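> Now that you have both chains on their own, put them together as the hints suggest.
In order, the protein sequences belong to chains B and H.
The numbering used here numbers the first residue of the first sequence as 1 and each following residue consecutively.
The numbering used here numbers the first residue of the second sequence as 1 and each following residue consecutively.
It should be emphasised that the hints constitute simulated quantities derived from the structure, not laboratory data.
Small disclaimer: the values here were computed from a predicted structure and weren't measured.
Glycine residues also receive a C-beta, built at the ideal position from the N, C-alpha and C atoms.
Just to be clear, a hint being listed does not mean it is correct.
To be verified - Taking beta-carbon pairs under 8 angstroms as the criterion, some of the chain B residues facing chain H (in silico):
1) Pro203
2) Gln206
3) Val209
4) Val255
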Amino acid sequence: MRSNFPVRNTTEPMGKRPRHTVAGMTTADTHCPYCALQCGMRLNRDGRGEVAVAPRQFPTNQGGLCQKGWTATELLRPANRLTTPLLRGDRAVPFRTVGWDVALDAVADRIKRVQAEHGPDAVGILGGGGLTNEKAYLLGKFARVALRTRSIDYNGRFCMSSAAAAGNRAFGVDRGLPFPLTDMAGTGAILLAGGNLAETMPPIMQHVVAMRERGGAFIVVDPRRTPTAAQATLHLQAAPGTDLALALGLLHAAVTEGLVDDRYVATRTHGFENAWRMAAGWWPERVERVTGVPASQQRAAVRLLGAAARDRGAMILTGRGAEQHAKGTDTATAFINLALALGLPGRPASGYGCITGQGNGQGGREHGQKADQLPGYRRIDDPGARSHVAVVWGVDPATLPGPGPSAYELLDRLGTDGGVRALLVHGTNAAVSAPRAGHVRERLAALDLLVVSDVVLSETAAMADVVLPVAQWAEEDGTMTNLEGRVIRRRAVTSPPPGVRTDLEVLAGLAARLGHDDGFATEPRTVFEELRRASAGGPADYAGITYERIDAEDGVFWPCPDEEHPGTPRLFADRFETPDGRARLVAVDHRPAAEEIDGGYPVYLTTGRVLQHYQSGAQTRRIKELSDAVPAAVVEMSPDLAADHELAEGDHVRLVSRRGTAVGRVRVSTTIRPDTVFMPFHWGEEASANLVTNPALDPVSRMPEFKICAVRLERVAS
Amino acid sequence: MRRAIGAGGVVIRIVVIGNGMAGTRLVQELRRHDPGRDLRITVVGAEVDAGYNRVLLSQVLAGALDVDEIGLTAPSWYTAENVTLLTGRAATWIDRDGRLVGLADGTVLPYDVLVLATGSRPWIPPIPGVAAGAHDPAGATTGPASTANAPAALQCTPLGSAGVERGEGAESSEGAESGAGVGGSTGRDRADESASFRCALQSDGDVLGLAPGVTAFRTLADCRTIIERLASVRRAVVLGGGLLGLEAARGLAGRGIDVEIVHPVDWLMERQLDAEAGRVLARTLRDLGVRTRLGVGAAEYVPGPDRTLVLSDGTRLPADLVVLSCGVRPDTELAAAAGLPVERGIVVDDRLRSPADPAVYAIGECAQHAGEVYGLVAPAWEQAAVLARVLTGGDDRYQGSRVVTRLKAADVDLAAMGDTHADDEDDSAEIVRFHDPSRGSYQKVVIRDGRLAGAIVVGESTTVGTITQLFDRATPVPRDRRALFFAGAAADSTDDPSRLPDRVTICRCNGVTKGAIASAWQQGARSVAEIADRTRATTGCGSCRQSVEGIVDWLTAADPTAHPEEVAV
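In isolation and in its complexed conformation, chain H is listed as follows (with noise of 0.2 angstroms):
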């Protein structure tokens, strides 16, 4: 048995900053492995909600699940495992010398371990007239100086003109949990401009300072107030074609909305994408009620009693609801003011400590290790978990998660992994695709040494199982690449008794042969009552009762005795 921090009689307290997804994980975790309870554990939320799984606020947008199903952890449990939960209180400060957390309210809390799950915010375009009052008509304005590749990327992207982490082609945005990427796929890290947005960012989804009819989907609140505007919305437009915005769009249009996605890139989920398969994604989606719009971006909203967009071409959309999925940045504030190492995140070691203060850990979407940031949920569990080995006195260490984006809307089969847009120039790499248009259908897959380096798979698969644990597991690929896109590509056995070998056992409940049924036939045997008579095969389970009528039927066509006049010739 390990031995815990706290063990020896000295009580160790532990306070947590975040109770979403990682935060909530973390401390089940914790006690799983600490079955004495002997560590003290409090849990900071600053969302007023107890903790709720985020990856499901696309469900209950689309109406799947209610409100209330998408809780993560029981008040009751914290209660019995004697856990202290705080929600709805923001922690303001770190005073690390003194190893005490400052929350909004007023509340000290000292800590012999803080772990840092803070998560992330999502990013407010500086579009005028969405974040009302605190927007940069200017910023929002740089977007004529766009490339011939991305002609408005820029306008609506100020992801990739930011700061956010899109810089390093980290996956935070493409989680349903964090965030759809709205973002160029080739900016760089840039200074941050977006303090201006700083007190916006703050606040909970619903007091963003958003304008009347704008709204961002990332939180419950957030889902509560689209749900709760539905009955007066007939249009909504989505601003961000990546993969937590359509999720919405399709969750919107399943509840009888006029969706359009906007999205100022060529094609849909850019970064996870090829250009084929984003075509074939905006198919399926129009064929489902969503309308996609691509390469423009969004210049300005007019609200008031005619709501609209005004797109950078010019385009007027009317929209009596905007949401917002232009991507997340991690929230890294607090660290920062700390003092504590920030880079796209809260810089973390294979231990998820920071190398500044032993006493610091942070794991999810706020933490970079190895310079990557992850914003899905897979990885933030797998942090979790090692996490609470390493408290409990385990000598894990977290090596990086392989990141699986996995879109989940009802109808919209969509897998993307690892490297996606090798393409036939590249010479190290073997493609192989299947696309099958009509059924809105591509699947491709690149093959590294052998391995399954990265895949798409638009449209209903049988593989997708397969293609995401031959990643997972850096596996060999088949040697049949075929077996890639399609189960059992080895067709059941022929129908035709003629073709049939000999061997084939045709009364498995028997083990009756074909040969063993046709040497019956020889002998006399003429009627399925007979050949079962003599070889068993049918008295079993009786399902092969069709094709021993089959052979006997052929066994009875082919025989010269059996029709003299037919051979004759």
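Just chain B, with the same shape it has in the complex (with noise of 0.2 angstroms):
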């Protein structure tokens, strides 16, 4: 028998601090572990250790928690956890268990022979957009200070980088939603372009429902009748590969139907014109033909968003689905122009968001552990930038090492001349998430030294030479920057078990072993403290945060230059944060996928996520309530294509593309294209979907194409 949940109807809004009750129970209010709606959710420790989650009132959330966001606490449970430093000579032979100086002198002293022969950048990082800010911030200046290195890149460069890539070029800045997430029920028409939110994200569908009851139009694009899709007043079921196309109709067909806000257009955008000539070859039949969307739908699509445009408002919103692929840029971009053409951003309940994906993936992207950035979202190659920062750390700027090179192109070298020698892994575990998994799998063994900091033997973490244990969640504090950009607290209401240590005190040893003792913190608020200082005057200015005010406010929106500014809940109502304050539309135009079906592999492959679990499944793999719901990958098939490969229900398919295989469960379903397979991207050893994915990048982001490669499936005999 479950134990009681209380309903969320029910939940009375509660105070925020951390409190200690008479009766032993200690209580926190603080976060969900997982994605970037950031839920608030009320910890309660009972006297004997236990830790359970109770909902609770958060603007994003209001009270509502998915499945995973319930059975959260089970990531505390000791069977789960590494708890000591773990080492080995040979990869060949298993790890030994040993204290924290031998791991961490081990590790210090092997960083130093790898930069002796090979050079400072030899030594490379790769985070995590799950990562606090404070964590993602230590650790880029981990690189640029201790280790003079400038390969460090981390796994949102596969989540955020291509909507980051295209909102900065667009506007100046890149937060992912340049409103508040209650401003959803208040609008009059929201476009979802690959995002699957009632299953990656469920309670944000609260917002979206909020919407719907007011008569608002929900219109969903994606190859696959998701459950989301279900939830549409329209459906456009693109081919895998095709957003940009359609993007591109929708734009033509918003011309021709007359809904361009032109005043809008003229007064607060730059490049229109330019736009305009690359969609006017992209007439609605033509795109029906690239895309399957027929023609009568985009135009319905746009007369929707249009009507809705000049009267509550409308949102245009992009998710990985159209985001993750070799031109996931230009695509993200082709929906700005879009709601850049009706007018959209800057308006009230309007815009142009991103939905991000991991924990920290907003605030993960900011602080400097991207392979060109600076704390503040700072560019890395601007020499003001570099002076401004390297005044916080004590250094000279000119030690400060260049732009280094992106997630997968860091993998890709791994092991070679003039690749990576040494890595340090935090909170990624990229042996599952990369593309081209096996190759990544080759390079990760091809190192001279893999270090990896996780709380649990993850894939990555089985192959390294040194594991360290840390903290979790639950057991740190720090600040976490939702999908909204809106700062928060993650608190801790536990500690961590014992022999575990924070990625903070992790970073920390470390530098000291490697000759810097100080600018090392390991107090979260120490570290925020100069994470402001060095973001102050960026585009991302945390200047006027404080952990005090996030208490007081329910979190705070950056930018925030001072401690009196309110904070920026809403960007670009009056200017946007370019040079002039226009935004930009950039000119893009369609192009295939990278690699198209064929006779070889007549069946695309997209991948995507289920409800239970999460990212590379490291954490709800182990929670058994999701790993009983959700124990297998499955391969999403309709009946004919099952039935052209004598497939049924259950049965194992391997998925057989140019990079490798991967095998999962058919799963016969009736809401995917019949020329299309999906498989979820959550599990390990063979039935990881990226080993079979394909690893061509976006000329500009440097995202990977993990939404569409080539496949033919074969079935495996049981």
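Written as structure tokens, this is what we have:
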């Protein structure tokens, strides 16, 4: 029998500070450990140390939680944890448990040796979008100051980079949503391209439902009839890899239907003429042939958006389905162009936004773990930015390295001449989450040194020379920046198990061994104070944000340049963050996927998530309730495709691409196009969808083409 | 990296004759494959206007786009990419031995590679009074010798009788890009009877020498002419019920003009549609204010104050404006005069090269590949892409195009592709139809060997994109043929809780099935709040609340202990 769970509607608004009650119960108001929605939750720890989840009223989730949030405290169970450093001299032999000094000494010694032999850039760091702002910041500083390496990037490259690049070039700034989520309820229409919110961040659907209840239209672009698409007013079931053509068709229709906001275009933007010249070649009937979306539906979608734009407002949102392509930046740009043509950004209850995925996917891309970036979303090749940050760090700007390789490029060259030979991994599981994962596993194996700091023994950790057990979520303090650009608090309700250190402590310990006794604080608050100074004046300015303000104000939206500043829930009301204050429409054109289907590989594979699992599954696969609900990777396909291959529900099927094979169980579904199969990417070993995916990179964002590749299906004898 | 022809220090001069859809696309594609700008490219356009998107002319006519909104390539592009653009200058001769092209203004251009992208010209029917001073009344009255099937076809179908590409069932008149077929569907190629119109045809639309009140609908200049005249037009007749004629008529009707289409065959777009589809289309147009007059041709146009089009059956239609939309013919004269092989179009091989001269290529509507002359933009752009790769050292081959005809007119949805005329007599074809006259819907799919061989879709359809992609890719059609016409034929799950299987997930956020809710109810949870307390159902996005309420109501209603009096019987 389940334990009891409070109903969200009966939950009272609760105070925010951790509270210690007389009965030995400790309470912390914090947020869910998983996605960027960062649902508010309360954690209660009883006298025996058991921690339980209770929902909490917070503007984003309004008391709602999904199954992952409800079960999140299972992550704290000792059975799931690493609790001691692991070391081995030879990867052919098992790990032995060692003390922290032994482990950190070994890591520091080998870093020094590799750098002496191959130069500073031969030591690299791969960070993660789940790390707190404090960790992400310190990781970037550790790379540039303690290691002096340019080789640092993070898994957000696989997540947000395309939308970020598109946002930056259009608006001069990249904040996932330029408005609070609660604005969604008041808008008149939302177009969501390539997102499956009902499964990936379910509580956000409350805002969509509220909008629909007021008569708003919900338009979903997805090759699958997902649970999200099933709730849509209009579902545009575009062929995989064709969102860019669709966005151009929508812009074309907006012009011919007379829905362009001419005054807005004239006074608040540049570049419409060239963007139109490109879209002019994509009339809806031509787009229909490429996307499979009827021209009439394209016009209907644009009419819904256009009518709403003139009334309550309209929003255009993109998710990874549109962005994780070798043309992801241009696709996001095409949707931005549509939003600008309709006059949406900066208007009330309107705008363009991307739905950030990882827990700190927003903050994680702002403070310096990106290859080309310094804290505050500064560019590492900008002399002004370098001097500002160098002053905060107390170093000579000339010593700061320049831009490094992007995540896949870094992984692709591991262990090679000129590539990284010693890699430190924090908060990511590249052996499962990187494209062409088989190749990436080979490259990881070719390293002189692989050091993984993680909570559990992930697939990547299992390949390492040194594994460092670190604290997580409910055991640590810090800040996260959610998908709205709202900086929020993560709070400890319990201590890490004995033998576990925080990432900050790991970095400080290594820095000290590399000759940097100062500058690597282990207290999150101290690090945050430094982050505030480092970000001051940058696009993502946190200077005015304090832990106290976050507590008092339900989070603070950046930019917030000083403590008197109220923060910025809504961007662009008066100007864009470009030199002249106007947004830019960038002319973009559609092109085919990097790998199209053909006789040998006749079926599209698209990848994504299921509700019960998160990212590489390293956490959620260890939670019994989630793992029982969805125990293994499925391959979703239409009845016809299954029949063509003599496959039935539950059979094992092998997906074969030019890069590798992956095996999953057949799920027959009428919700998917007959030319496409879907496989979630949460599993390791032979069930990794990414063994098959294509590492073709976006020329601007360096995003790999996760969302489309060509495969063939082979029946696996049982 | 492939080696461009020009690599190695030798400058290659490419002259492209034609600045339409094919020519502009070609030069853009060339530069895409030639980032070093090694090729020296010159484009020659006969029209004064810079390259524009001909597909969008009907949108301009309809008022959805302005004339200045359909430019293909920004003037600055040519400067930036170092491409020489010469507009308003027709090419008049080719000296293949000397590899020179002469222009009407006396310019002589040397070339290493010559690309002919001359497109096509509108067909001007030999109707007395239409092409003033150039018509041949005798030629126009060959009509009476018509067949029973198409009584007046020949009257207004010089296309069928005048050696235009129609005879082979070529596609070149079905696109908005190229004009509309008025032609009979059975005529074979004949000797070119249209020589007498050459003088007219060589000119731009507004200098075709047409009678006042008569205009073609081919060029931007034609489009401007029509728009400029609109203020004085109350009634218009569109001559030719092909794709472009329909788009023109719909556009004029949208501007409040009284429009009638005169079409000599028994149904509209007879080359793409079967008779039933044609009838549905005519009804749809009628509801939009466009009348159609079928099976009758034009006999004479009477200019002057009482502008009137006299039909072959003697009907006199007042017409302030007559729009000629009688099809097009490939513009091959330059090639023919240069001694290049020309049949219906300029003959090219899989590299889009003339078999007679390795320095000369042709693409677009003027080219004939493997016996086919295409009149739509998609094949022209495919050819441009292939040729750009060929000319930059690629080993590409053009293998023909699949042609989909798609009407672009407000509130008229029409697509046709492939073999549409197969009927139930044809044992090798499986024909699936859905016809709903009340909604103006007619859909027909012709299946051969499990693949979609042809289709007609008239009226709004949620599957037209699916049908098109099945045709383009030649992938197997769905086993359940209903899926061809009805998207998501499998309905969403029923709302009746009693019919839901126990395994159906009610609360997706928390993976709660109907069975789990029922079992919580069995254990005493009697309200949504109590169900939520035990199962977490409704505690995620909340969108399942109504379903849970429904299940609770059903369980309560069905529970004998809850209503003992009702079940006592």
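> Going by Cβ atoms only, is Gln206/B closer than 8 angstroms to chain H?
holds, 5 angstroms
> Classify the hint on Val255/B as holds or violated, based on whether any CB of chain H lies nearer than 8 angstroms to its CB.
holds, 7 angstroms
> Given Val209/B as an interface hint, is the shortest Cβ-Cβ distance to chain H below 8 angstroms?
holds, 5 angstroms
> Can the hint on Pro203/B be confirmed by a CB-to-CB distance to chain H that is less than 8 angstroms?
holds, 6 angstroms
Checked against the numbered hints above, the structure breaks none of them.
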